[in-house]
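Protein chains in written order, with UniProt numbering: chain H, 1 to 330; chain G, 1 to 330; chain A, 1 to 393; chain E, 1 to 393.
With a straight-line cut-off of 25 Å between C-alpha atoms, the simulated DSS-like cross-links for lysine-lysine are: (1) G:K181 <-> G:K9; (2) G:K111 <-> H:K306; (3) G:K109 <-> H:K306; (4) H:K111 <-> G:K306; (5) E:K376 <-> G:K306; (6) G:K306 <-> H:K109; (7) H:K9 <-> H:K181; (8) A:K376 <-> H:K306.
No wet-lab data here; the hints were simulated from the structure.
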Amino acid sequence: MGTTLTFAKALNTALADEMEADPTVVVFGEDVGALGGVFRITDGLTARFGEERCFDTPLAESGIMGMAVGMAMNGLRPVVEMQFDAFAYPAFEQVVSHVAKMPNRTRGKVKLPLVIRIPYAGGIGGVEHHCDSSESYYAHTPGLTVVSPATVPDAYTMLREAIRHPDPVVFLEPKKLYWSKEDLELEALRSSAGSFGRAVVAREGTDATLITYGPSVSTALNAAAAAAEEGRSLEVVDVRSIVPFDDETVSASVRKTGRAVVIAEAPGFASVASEIVARVQERCFHSLAAPVLRVTGFDIPYPAPKLEHFYLPSVDRILDAVDELQWEDA
Amino acid sequence: MGTTLTFAKALNTALADEMEADPTVVVFGEDVGALGGVFRITDGLTARFGEERCFDTPLAESGIMGMAVGMAMNGLRPVVEMQFDAFAYPAFEQVVSHVAKMPNRTRGKVKLPLVIRIPYAGGIGGVEHHCDSSESYYAHTPGLTVVSPATVPDAYTMLREAIRHPDPVVFLEPKKLYWSKEDLELEALRSSAGSFGRAVVAREGTDATLITYGPSVSTALNAAAAAAEEGRSLEVVDVRSIVPFDDETVSASVRKTGRAVVIAEAPGFASVASEIVARVQERCFHSLAAPVLRVTGFDIPYPAPKLEHFYLPSVDRILDAVDELQWEDA
Amino acid sequence: MTISTGSPWHGSMQEPAGGADLDARRAVEAYMLPSAEPVRLVDPEGRHVHNDTYPLPDGGALLSAYRELVVGRRVNDQANALVRQGRMAVYPSSHGQEACQVAAALCLGAGDWLFPTYRDTVAVLARGVDPIQALTLLRGDWHSGYDPYEHNVSIQATPLATQLLHAVGVAHAAKLRGENTVVLAMCGDGATSEGDFHEALNFAAVFHLPVVFFVQNNQYAISVPLSRQSVAPSLAHKAVGYGMPGERVDGNDLAALLAVLGKAVDRARDGGGPALVEAHTYRMQSHTNADDATRYRTDDEVAQWVPRDPLQRMRTYLSELKLLDGAVEEDIAGEAERVATALRDGLNAETQVDPEDLFRHVFSEQTSQLREQAAKLREELSREEPSAHGSGA
Amino acid sequence: MTISTGSPWHGSMQEPAGGADLDARRAVEAYMLPSAEPVRLVDPEGRHVHNDTYPLPDGGALLSAYRELVVGRRVNDQANALVRQGRMAVYPSSHGQEACQVAAALCLGAGDWLFPTYRDTVAVLARGVDPIQALTLLRGDWHSGYDPYEHNVSIQATPLATQLLHAVGVAHAAKLRGENTVVLAMCGDGATSEGDFHEALNFAAVFHLPVVFFVQNNQYAISVPLSRQSVAPSLAHKAVGYGMPGERVDGNDLAALLAVLGKAVDRARDGGGPALVEAHTYRMQSHTNADDATRYRTDDEVAQWVPRDPLQRMRTYLSELKLLDGAVEEDIAGEAERVATALRDGLNAETQVDPEDLFRHVFSEQTSQLREQAAKLREELSREEPSAHGSGA
Ligand SMILES: Cc1ncc(C[n+]2csc(CCOP(=O)(O)OP(=O)(O)O)c2C)c(N)n1
Ligand SMILES: Cc1ncc(C[n+]2csc(CCOP(=O)(O)OP(=O)(O)O)c2C)c(N)n1
Ligand SMILES: [Mg+2]
Ligand SMILES: [Mg+2]
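The following block holds chain H by itself, in its conformation from the complex (with noise of 0.2 Å):
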């Protein structure tokens, strides 16, 4: 029988299912503890598993990151909390210059089973510094898996999949979706196949293909349906794994469209986007019947609440990039 579950709460089940499954696994970070994280993503876990398993440290993130490495070398598995986006750049040393270079500095003597969780992007009127979409950051830098859920069941399977990787993963929350809810059949997904490097097929189309992930999924989604509306048949390719990077699924689609957009909300300078446009037109180049476009957040600083709306990739948006894919000769 299925349940119905948030988002956070299915991270949070995945926790604790993961904290039961193996004694090594310790959660830390700023406000995980007696608070359960200022999202609830940890909450009661100090409670069940005691303080050694989840717990504050003080308010130092590198201090946070640097301690997670020296955990993973010697036999636990970190979990470690960011609490939002921005609040994870003090750790950038330790994350790009440690956790990302360990395993291959010393030949994979050293391995770093580590998770980094990011509350990560917009569109919930964060203030400043609440709202940064960084993961272009993490997916430049050699070593690190990253990886975003944009659904409840991949918010449970691909996080207890992330704390058993051998390997660190920064692992992208969308914080919007942290009130979404979904009916889940908890049993199957305990047994549900890996996801890492796995894009799936959202919703299928021939038309053109939306390549997307995390918190812009839905609004490809809802552009699919608007589109549909209008006769025109798109199919979403939700790209789950960003690093390692599904090329087969995501050219296939593109293949057989013939034309794509590519939706992220970070700002689309040197970002994932253009990573996805650059590997879709090498590998594709011959399927495509106009350019990839993208639609991105603009090149600005993440903007005050009362003006977000203006930056996050809509619906709207997408439709118009949709439009200018030279369709004339259809």
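Based on the hints, put chains G, A and E with the ligands in the right spot on chain H.
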């Protein structure tokens, strides 16, 4: 009459000339005083301008960057040196959350005319953390002007321009060029036009365009020379200014040649090179005879000295990519 | 002029000093170590407590400070109400900490600089910043609403401890020009754990800069208690590691705060270098309205701090001195009410945001990329019809 | 088990303590403050100096430590020679600091962990790591050449102070499992200015972890003198801000180092929590062979440190005790020579690098992206001819 200067000396001269011209310019960082910097770019400045104009700080990059923000807020033009690319990462939060955003945050009330000098990229047999190509992190961050000179005259003029620029500039100095020499007319350069936002055609050609910047420009020029011997005419565009980006010059070249290869040392994934590919195919789609290809670093941590030649974009690798540009119709 | 660094004993590290220096060494340590108890000049019952080092500020000064205290409390209450009414998204209240807020503003001269955090709105207003401009941030119109140069008040910083370095830079620039500006930089107890706290104090000490670091230790960083931030005897003890004096003060005692901060500011202005002041206070309300403090602390704990309220004790003290009577109280209440009304009216007025602003201030001169993007948005918004594709997501 | 934090006096911050506590407070401060002079047990003339707190290690222990000292010096000399001969790209020598290096390795048990920096090759070797594997880094074959788990020696860290946090994590994991592992984490004077230094000491203190932070204060960070890093009376004074004991020791006195570090390690193992030890020493050579120290310090300054050499004083002391005679000296010299020869032979042997290694260890399972890139490189290298396009750039 012209003089022969190294790239390093051209930078040193630019600093001195600008400090002479503007008493609000201050230079600081690690080892920039008595030592003159590990690459001697600040050589002699303390002796000439005094300790209050060029001085060593405690060893803390976030501190250097944060102090520069405050100094720029209060009437000075700080030029800070990050000793090596990877040692700028501890300052990442200050760069992303403050340097890049302060002017926008205050609706332009606070301007931050500061320069972040970063000796960057590889090719010098440096040990780990001394060879990173970090431009993509900065180029992706809205609010930063990001430039990299590839010639001795540009080293001089672009650094002076950076110091005079009203906004924060990330100034990337390709380490392997420090010892390169060129004849130049300093007097003429002093009155030359600005280069921010302006790419240059470093070599004209008709068959394909090599688009690149910084340390890879000389490699691209060598590739073009080698190609010429084989009867293929390659145009080389030196981007110079990554942000703002000169779409006009780049697109004009690609529209003319119909083919393009983007070359950069950084790992390719979600990089400046991805961005250039994405922009070019968006803007020049119907002129393209082949997909825009990339020759970049692999998506791996920068290798140890004995392995770096496998990693770096080389003439051969560039020419291989050019060969792949579907010449069957030529 | 040269960069003057350091402190009297600096240089003595190069070689072990002779035994004769030992007493001097211990004296230096004593100079940096905070007093054993937080400095208190007026106790919770409103009685003066004598202190050898810190004389009580005079009655007139205390009365005008008290006026600001009452206004500050009213601002906090009004802002909370405006959040409940949906006129502001969020407000991190300084209820209970108003004495710190007022003292931070009043101890500075007009040419000095204040570096506040998100929680320090009352200090920002006490320094003269227009309240509606200050609340632009929390209303969500823009990331900061006032001109920092108008009252020498930097933006209210969110990323913790980062602003302390900006404060150091402002002080350094002023010092290099030979100005005698003092900078007061504020942060919370939690922020002292960040690397930037360390780097800021060290830079200020090494360059001997006129910065007063003012930590409001309100016992919590959101839900995390002080015991998880530090196991030092006090946060003021951290001064020792930088070779600067540290001091602790009762953060609910306006008189003591004025005295201790005032002395630190004077010392800094006279070339004495930086100092660290820790105020011992309490965050009476939740971190923000979005927080639920019952998850991590008891009502009992909060109740213990009620009798230590900074307003009540100043009121008692001033009343007993006869500096405060019904008429003065009424006058002060009237002023507080006027400020509250202005706040309410200001925030109830609808503001218009201009989407073109998104692109206007990113660079001094708009790049061609931003021009294109702005044009695209303009075109999108200018279409007469609410779009051919329906209402959007 | 719960996370045990803190120190005996922790908690006392919540409320001002009564006057009865004052003496206890000052006692606590005294406990954290370093001794007024760096601890010294054998002076530069090789004479024992009595110390109430630290007894002299016994002769046997000193003799075996001296053996390591001589080997360490030989390693430094040999490595410098190999750089001159072009067999290694760079070598940051610890010449002059060998007593610190040896003591750092010897004070730990086999199950303990060492976290060294680029300058600590001698300590790494003294802990048993294969010299050729250790020099893989500086020869340029790979970023690290030994298995950290073989001798519980972490990689030699380059980004300053970052490794201190890894040390804290290793200690924390051990503590959570109830193991009594001690971790010794090394850094230089310059590195104490980094934010990570602060965060590491604070985390260790708050979580009461068995970490000994060992700062080799060699007076310089490349060209920058100590006076530009700190104006505290000593770096050991920084301990006060974290509520842990700080101690200073003569870093050229092997006996004192063994005693002070030994005590800190024992205390940590017995649940006493972390400590900060500052060794007062000197970098006798340039930062690395790429550096030119004459630009920032005088020969005179360097010359002053020659008579304080750590080897000479131990040799004198042990000779006068008759623990060292010609035969033993010869035996030790022979061992040093064997190590040097092994180093030379090892580094003179040509190594083969395998380009496939570039892609092998980035992830546990190669991604399809890396498989493609590796294939491309393989294909490029497999072409018989040295390429149709000539020799490349
Ligand atoms: C670098 C950074 N990390 C995390 C946060 C999220 N955050 C906002 S306030 C806060 C607690 C701050 O506590 P404290 O410094 O004691 O100040 P207080 O809120 O009590 O005034 C946290 C963790 C942040 N703003 N910046
Ligand atoms: C984060 C960081 N910044 C800068 C550097 C460059 N660097 C390498 S060694 C060094 C000086 C370090 O001085 P100290 O900590 O005293 O150690 P020592 O070299 O004297 O042993 C510097 C600045 C670095 N390695 N890491
Ligand atoms: Mg607090
Ligand atoms: Mg040093």
